[in-house]
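Following the hints, put chain H in place on chain L, whose structure we already have.
First to last, the sequence lines map onto chains L and H.
Be aware that the first sequence starts at 1, since it is given in our numbering, and climbs by one per residue.
Be aware that the second sequence starts at 408, since it is given in our numbering, and climbs by one per residue.
Worth flagging that the hints you see were computed from the coordinates, not collected in a lab.
Do not take every clue at face value.
Stated by the list, open to error - Listed next, the in silico SDA-like pairs over lysine to any residue satisfying Cα-Cα at most 20 Å (straight line):
no.	chain 1	residue 1	chain 2	residue 2
1	L	K345	H	D439
2	L	K315	H	D439
3	L	K365	L	E394
4	H	K445	L	I344
5	H	K459	L	H321
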Amino acid sequence: MDSFGLLEFNQHIKSILEKNLEKSYWIVAEIGEMNVNQKGHCYMELVEKKDNYIVAKNRATIWSYTFANLDNWFAGVTGTHLKAGMKVLVNAAVQYHEVYGFSLNIKDIDANFTIGERERKKQETINQLEAEGIIDMNKSIALPLVPQNIAVISSETAAGFGDFMHQLENNPYGYKVHAQLFHSIMQGDNAVESIVQSLHKIYEQEETFDLVILIRGGGAKTDLDCFDDYNLCSHLAQFPLPVVTGIGHERDNTIADLVANTRMKTPTAVAEFIIGGFIDFDSKIDGLSEQILSRSREVLQTNGEYLSNMVHQLKLLSQRHLYENASKLNRLEEALKLYPFQFIKNQRNHLNFLEKSMAAADPQKILERGFTMTKVNGQPISKTNKPKAGDKVETTHKSGKFESIVK
Amino acid sequence: MAKKKEPTYQQALNEIEEIVNQLENESVDVDDLTKLTKRASELVNYCRKKLKSTEEELKANIE
Chain L
1 MDSFGLLEFN QHIKSILEKN LEKSYWIVAE IGEMNVNQKG HCYMELVEKK DNYIVAKNRA
61 TIWSYTFANL DNWFAGVTGT HLKAGMKVLV NAAVQYHEVY GFSLNIKDID ANFTIGERER
121 KKQETINQLE AEGIIDMNKS IALPLVPQNI AVISSETAAG FGDFMHQLEN NPYGYKVHAQ
181 LFHSIMQGDN AVESIVQSLH KIYEQEETFD LVILIRGGGA KTDLDCFDDY NLCSHLAQFP
241 LPVVTGIGHE RDNTIADLVA NTRMKTPTAV AEFIIGGFID FDSKIDGLSE QILSRSREVL
301 QTNGEYLSNM VHQLKLLSQR HLYENASKLN RLEEALKLYP FQFIKNQRNH LNFLEKSMAA
361 ADPQKILERG FTMTKVNGQP ISKTNKPKAG DKVETTHKSG KFESIVK
Chain H
408 MAKKKEPTYQ QALNEIEEIV NQLENESVDV DDLTKLTKRA SELVNYCRKK LKSTEEELKA
468 NIE
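Chain L on its own, in the form it takes in the complex (with noise of 0.2 Å):
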């Protein structure tokens, strides 16, 4: 039975290898592990995974003058730098080292590739955010009118948050915003994790708060992966209170832009919609006084005018009552001169009358006219003293009297 010596069979596969395979290829992988030595080559671990298990794997290397211009081109395309758990297009050749055995060495990488990775593992987060119904979540949230007390999720070192609190605590309009920041890590692998972080920390205290502004500030070049994470933007928009945004990128949005109640640009515009928020409402405010000023004043004027004319009215009533009363009084003195003499003036009237009625009864009167008066025994004739036989009866006449007997 032939036999090899191990480097004379390791050089034999090498010959194989290098006959039967082509200069390079193109594959697609996961950066699985990396590092950088100080000698600045790459050293990876490229993967396939199939439901998070993996399949494949194979040592890669870049070496570092390769490295150096690619990763910044990279970086400068995509906005990320090469890192792992990133889906790359490489274009490697195959090398078979009698020591070191089997790797891939990377000539070139397809940043366009890892772009509509990103894009499509993007969509697939909104996809997921949407399915499970909460992606608009924030949004419903109404903004506070005047959101005084505000906690900013951001580093303490960053650019952005020094010229938020500049902003905000230098408004020409003197408005006092309590801001709170929640320190976290803006960036890197462990962001996602420390801004989650943050954002218990808040909620822990939710009622102190109006507001939750989430800024980054700084360099062109960094890395928004986090900014894309599912486990942070579904704790965004699920958190009851309103996020504004402020991540300091113009190239495209983040998902946690999409699923903030309020995207701004830079940490500066966030300050600037708050303090845009706080003019809005004090000249909303003015605007009332105002209304209030001038409907008192109408008020004033129309119950001003009412006095004036009850005012009239009261002088006018009075006088026509005094008028009137003055008139009565005339009228019953023009009485008092008019009776008393109309009285005298009856009453001697009714005497005249008595004294002719009496002179009209007087008996004598009616004698002198020829009459006569009959008496029977002393009494005038009635129909109980009538005249019988043998009475005395006495005529009396205009000239005196006389006596006869009844026979």
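For chain H alone, coordinates are given in the frame of chain L:
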């Protein structure tokens, strides 16, 4: 009139009207005629004075 407590305007007016009524209806004794007429005239003057002073007071208050 001065001996009694001063009547109110309305009381005075009522009394004048009562006297005028009596005179009009001639339901008084002739003996009382002078007395009543005098009384009524005094009351008319009293009421006039009241009206006058009230008018002056009103003017002073309202103007």
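Structure-based check of all given hints:
{"no.": "1", "hint": "L:K345 / H:D439", "in the structure": "holds (16 Å)"}
{"no.": "2", "hint": "L:K315 / H:D439", "in the structure": "violated (42 Å)"}
{"no.": "3", "hint": "L:K365 / L:E394", "in the structure": "holds (19 Å)"}
{"no.": "4", "hint": "H:K445 / L:I344", "in the structure": "holds (16 Å)"}
{"no.": "5", "hint": "H:K459 / L:H321", "in the structure": "holds (12 Å)"}
Hint compliance for this structure: hint 2 alone is broken.
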